[in-house]
Amino acid sequence: MIEIRNVSKWYGQTQVLNGCNTHVAKGEVVVVCGPSGSGKSTLIKCVNGLEPFAQGTITVDGVSVGDPKTDLPRLRARVGMVFQHFELFPHMSVEQNLALAQVKVLGRSVEEAAARGVALLDRVGLREHAAKFPGQLSGGQQQRVAIARALAMDPICLLFDEPTSALDPEMIGEVLDVMVELARTGMTMMCVTHEMGFARKVARRVVFMDHGEIVEDAPVAQFFDAPASERAKSFLARILRH
Amino acid sequence: MIEIRNVSKWYGQTQVLNGCNTHVAKGEVVVVCGPSGSGKSTLIKCVNGLEPFAQGTITVDGVSVGDPKTDLPRLRARVGMVFQHFELFPHMSVEQNLALAQVKVLGRSVEEAAARGVALLDRVGLREHAAKFPGQLSGGQQQRVAIARALAMDPICLLFDEPTSALDPEMIGEVLDVMVELARTGMTMMCVTHEMGFARKVARRVVFMDHGEIVEDAPVAQFFDAPASERAKSFLARILRH
Amino acid sequence: MGEFDFSVWQPSLPFIRDGLLFTLRLTLVAMTGGIVIGTLLALARLSPIAPLARIAGAYVDLMRSIPLVLVILWFFLVIPFITGSPVGAETSAIITFTAFEAAFYCEIMRSGIQSVPRGQVNAAFALGLGRAQAMIHVILPQAVRNMLPVLLTQTIVLFQDTSLVYAIGAKDMLKAADVVGKNYNRPVEMIVLSALIYFAICFSLSLAVRQLQKRVAIIR
Amino acid sequence: TDLGGTLKKIRDSGGITLGIRESSYPLSYLDDRQQPVGYHIDVCNRIVDAVKAQLKLPALKVQHQAVTSQNRIPLVSNGTVDLECGSTTNNEARQKQVAFAPTTFVTNVRMAVKKASGIRSLDQLGGKPVATTTGTTSVQLMRAHEKGKGIDFREVYGKDHADAFLMLETDRAVAFVMDDNLLAGLIVSSKSPADYAIVGEVLNVEPIAIMLRRDDPAFKKLVDAAVTGLMKSGELDTLYTRWFLSPIPPKNANLNFPMSETLKALIKAPNDAPAESFNKK
Amino acid sequence: MNYHWNWGIFLEQVKAGDETYLAWLFTGLGWTLAVSLTAWLIALTIGIAVGALRTAPSRLLVLLANAWVELFRNIPLLVQMFLWFFVVPEFLPREWSLWVKQEMPAKEFVTAALCLGFFTSSRVAEQVRAGVGSLPRGQRDASLALGLTLGQAYRHVILPQALRIVIPPLTSEFMNVFKNSSVAFAIGVRGMALIEARTRVPGLIARSG
Ligand SMILES: Nc1ncnc2c1ncn2[C@@H]1O[C@H](COP(=O)(O)OP(=O)(O)OP(=O)(O)O)[C@@H](O)[C@H]1O
Ligand SMILES: Nc1ncnc2c1ncn2[C@@H]1O[C@H](COP(=O)(O)OP(=O)(O)OP(=O)(O)O)[C@@H](O)[C@H]1O
Ligand SMILES: [Mg+2]
Ligand SMILES: [Mg+2]
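Here the protein sequences line up with chains A, B, C, D and E, keeping their order.
In terms of the working numbering, the first sequence opens at residue 952 and continues consecutively.
In terms of the working numbering, the second sequence opens at residue 952 and continues consecutively.
In terms of the working numbering, the third sequence opens at residue 2 and continues consecutively.
In terms of the working numbering, the fourth sequence opens at residue 1106 and continues consecutively.
In terms of the working numbering, the fifth sequence opens at residue 525 and continues consecutively.
These are calculated hints, taken from the structure and not from any lab test.
The beta carbon of each residue, even a glycine, is placed where N, CA and C say it ideally should be.
Hints are supplied without guarantee of correctness; some may be wrong.
[Unchecked claim] Now the in silico label distances, taken between C-beta atoms and shown as ranges:
#, chain 1, residue 1, chain 2, residue 2, range
1, C, 208, E, 657, 47 to 57 Å
2, B, 1066, A, 988, 29 to 39 Å
3, D, 1343, C, 37, 38 to 48 Å
4, B, 1042, A, 1058, 49 to 59 Å
5, C, 208, B, 1062, 46 to 56 Å
6, C, 56, A, 976, 46 to 56 Å
7, A, 1105, C, 116, 26 to 36 Å
8, B, 1175, A, 1135, 23 to 33 Å
9, B, 1175, A, 1131, 32 to 42 Å
10, E, 657, B, 1105, 30 to 40 Å
11, D, 1340, C, 5, 18 to 28 Å
12, E, 588, C, 197, 12 to 22 Å
[Stated by the list, open to error] Chain C is faced by these chain A residues, among others (derived, beta-carbon under 8 Å):
#, residue
13, 1024
14, 1025
15, 1028
16, 1032
17, 1034
18, 1042
19, 1051
20, 1071
21, 1178
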């Protein structure tokens, strides 16, 4: 489904991605982790072309992302993405947030879009909040709306960039629940997250990045029980200790 | 050391603190937790008079905070406080951050203040960063500087408001280490935090708040093993599950 | 002069009203035109096409660095040399004010657009919206709401600046007051009257927009 | 297009634009209905009649454009204004840029003071504030005058004649130096006309005339003929009496400003000679 | 077109005077600079103080500071100039009023600088308030928590940061002072625009009539 081959990227002089290679198969969940600034967000944004990259190729469902001939908006409409800070559109109600791209991009009728929106709000347990504005919801609720918004486009896969790290601890659970449920239904997912519990529960593989490189790319059990590199070991120690 | 008796507070119509009662004895560490918006920050800011309160009394080392005759700046100089977002002064170097209040409030000489600053930077392991500006440090380092800044005033007790919740997961450890070390040296501390590992390790009591009320105020072991209220139970469940 | 005699206010009212209508018309047209053109200029300034951005930038910098009176006069005096036919004072004023205010509204809209977090653009793109769609449905609505107070302040400035049309002999409110003041030899009383009217209008305008802002403000 | 051909322009556009002043009493100013009136306005209207006749355009539209001391010349040059009916002094410098109709009024530059101040002559003004209007050259004339030599005037500027007069009225200035007819007009319409007097040396004698574009012989010929016609027929005398020797709006006050010998001579022998030829010693 | 450009006018002598127009232009430029800089100093001092007061915890102070801003920003500068020059002195006792009107040294200059300064101060205050408001509230809390008084917190922590934020908009306000100083000639300060007007070169004409 997602193939990342030899991708490198520079911001001016500094290299932020260095020959990255990995893939996500259909129906698979892959977790990406690593220290802050290691390039996780950059990598995941390259997958749907939000960030251009200088070298290498990324293909999503057979379509090359870096190819200038690719119709990026169309590709992105098929790849859902959920952000750390939710990025709901604050000037629109929840239902408008869900409907906008369905109507403008997929060309659905307003009624069709509304119906699909309500169904998804139901699925994330927020049906009664349809008319509210994002600012009137808690962080956890906003993130669940953001997931519903991504699902409304009937994506072939989902990208997550630290979906729980801006949340209060008591709300992390409700978002992770939705994500676990998605994984169980066979959704293809690539998640940047430090929620190791989530990784253990649903991920097939963990990709560990540091300084723009993919240092480790291993099945979950192997990553947690016997990380190959020193860097991954000390990272896990720091993150799991407290 | 800190006595909170029957404290209530309103923002306009909405009540955010409702008859709160608790205390922190000298040398004791008390952890405050509870859902978002439950009034934890408000309560802790009442202790050093950053927030005025409508009813009740708070005394710190025998001085009444709510009394209009109290010299608040003087009281605050003796109570250290550490914030969620560090709140270092971004236009001053680390050493200037440490020196400012020592010179302006305690009237120490510039040299004296600098010497004390260096000593404390040493203690939090950041001696070589004295000349840097906050923006040049990682979040964990900034929070350690903020703790050093509070200690520079030789406080009789320390207040913490979610000191680790704005940090990347790998940096939480280094800040908690400093706090644990402080607790071991007998510092009186009142900490709003959701780091339950920290609470178990050093706290004597846990105060659980919900909707502006102190719902539970119990010794650590009892709070974790047999919380009295339903609300505390479900909160613990949500927070410890993932 | 000693004592003031405010009885002159009464006969001046019809002239003040006519002048005020002119002032309001000019403000309204220049504001609408200025915001529309200003927004287009802002988009040009932020566009990845370097020459376009540079031309728009140069235009804005030029307009912002010359006094408005000069622009008004220049336009009025020089255009006939170029086009060969004179323009009326009112047309001239409308065109000048629109062109001039566009530069200021451009800067406001530009910082408004930039004030929308980068993540919002990403989110819009990630949903498959195109550049124009993201701009129209996501960025601009937020930019306008964020910038509402500044847009208002600029409009108040514009409203006050319309008094500068005295330079080309158009008759706005201040001018009308001025002439009545001369006719009745009560210039000071008339200036006081126009000060009161300006204050009343500008102040209620800012109160009104503060209310409006509360209503349309984005809930965060 | 050839803007120089004013007549052609007027015929093509079906309109003529008169430049008017707002406080040049009683030559050109606004009455209490804010309409332009005055001696020079009437003269211009007669010229417009002549234009109508020559172009056979009885329905010619007449527009008014307010002008100031500063912008009147450019506005005439650039074609915005076809005839400037104000209080412009015809001098050599200006003749390089515009043309003038035959002189229809002669003014003496003098000063207005408050009677109570006791000031009667230029040499009493040392160190005192003296008002004048921006864009005019009165203070230079004072410096140039023999009695003004070596005296330190502190000039203050009003943005137009009415403002400058206000300076005198409010004691910001002890004297206002300007064309005497303007001074007289401002005084009669002031709150207490009896408090003021026009005093002192005549600093300059200036021919005042209607202004038009340069290098446009056809139009100039028409204007000259129209003005000379007014003079020959005695109609100009009637207009003069109406504006200078009868009650005029807005206050229905009478200037009582009899015609000077110089102007009488000019009416007998009309010309558009510049100021410099009047003040030659 | 038949406009007769006459750039040589800059070198001609002022009528019956002893300076050239060019020299005169520079005198005018000097006044423009003097008025603008003085006004800018006044505007900064008052603007920062008033802007800071608008964020103070006292309702009365906020109200007064707001009133100041509303008063000076809701009346056109041209009108304010006139009010200061012709109306304000009338409220002084007779002798003072006469002194102000006749004897006070450089009175147009003083009036223009004060008026432009007050006018601009309302805008500076607006920027400063916005700057203070854009700081995280925690910065204030943190300073107070260290035992600084509110005054010290503003002096050492809040204003230095707020001013850094508002410097870019303030520089454009500074340009506005220069541009607005041209309005000062409404009350007769000799300035550049005036001189330009007198040279009657339309390309340079600014205000005055
Ligand atoms: N627009 C930019 N210009 C220059 N450098 C950038 C830019 N965006 C990111 N970087 C740099 O690229 C590197 C990788 O950034 P990235 O955001 O991908 O890291 P991350 O792994 O997602 O970190 P975090 O856990 O903090 O989100 C960092 O060093 C960052 O400073
Ligand atoms: N300035 C304010 N004006 C009005 N309401 C406020 C204000 N500050 C806080 N509140 C409200 O007071 C309540 C308590 O807020 P407080 O910040 O103390 O909660 P908290 O327990 O610290 O939450 P968190 O875990 O999110 O920090 C909340 O409902 C909040 O919305
Ligand atoms: Mg990231
Ligand atoms: Mg809090």
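(message) Against the range 46 to 56 Å, how does the distance between the Cβ atoms of residue 56 of chain C and residue 976 of chain A compare: consistent or not?
(response) holds, 50 Å
(request) Indicate whether the distance between the beta carbons of residue 1343 of chain D and residue 37 of chain C respects the range 38 to 48 Å. (result) violated, 56 Å
(message) Within 23 to 33 Å: is that where the Cβ-Cβ distance between residue 1175 of chain B and residue 1135 of chain A falls?
(response) Given range 23 to 33 Å: holds, Cβ gap about 31 Å.
(request) Under 8 Å, Cβ to Cβ, is where residue 1178 of chain A needs to be relative to chain C, so tell me if that hint holds or is violated. (result) Where the cut-off is 8 Å and the nearest Cβ of chain C is about 32 Å from residue 1178 of chain A, the hint is violated.
(message) Quick check: does the Cβ-Cβ distance between residue 1175 of chain B and residue 1131 of chain A fall within 32 to 42 Å?
(response) Hint violated: Cβ distance 25 Å, outside 32 to 42 Å.
(request) Could you say whether the range 49 to 59 Å given as a hint is met by the Cβ separation of residue 1042 of chain B and residue 1058 of chain A? (result) With Cβ atoms ~52 Å apart, the hint holds.
(request) Go through the hint on residue 1028 of chain A and say holds or violated, using the shortest Cβ distance to chain C against 8 Å. (result) holds, 3 Å
(request) Hint says 46 to 56 Å; check whether the CB-CB distance for residue 208 of chain C and residue 1062 of chain B agrees. (result) holds, 55 Å
(request) Look at the Cβ atoms of residue 588 of chain E and residue 197 of chain C and judge whether their distance stays inside 12 to 22 Å. (result) With Cβ atoms ~21 Å apart, the hint holds.
(request) Return the status of the interface hint for residue 1042 of chain A: holds when the least beta-carbon distance to chain C is below 8 Å, violated otherwise. (result) holds, 5 Å
(request) Grab the minimum C-beta distance from residue 1034 of chain A to chain C and call the hint holds if it beats 8 Å, violated otherwise. (result) holds, 6 Å
(request) With respect to the beta-carbon atoms only, verify the hint that residue 1340 of chain D and residue 5 of chain C lie 18 to 28 Å apart. (result) Hint violated: Cβ distance 44 Å, outside 18 to 28 Å.
Hints 1, 3, 9, 11, 20, 21, counting from the list given before, are not met by this structure.
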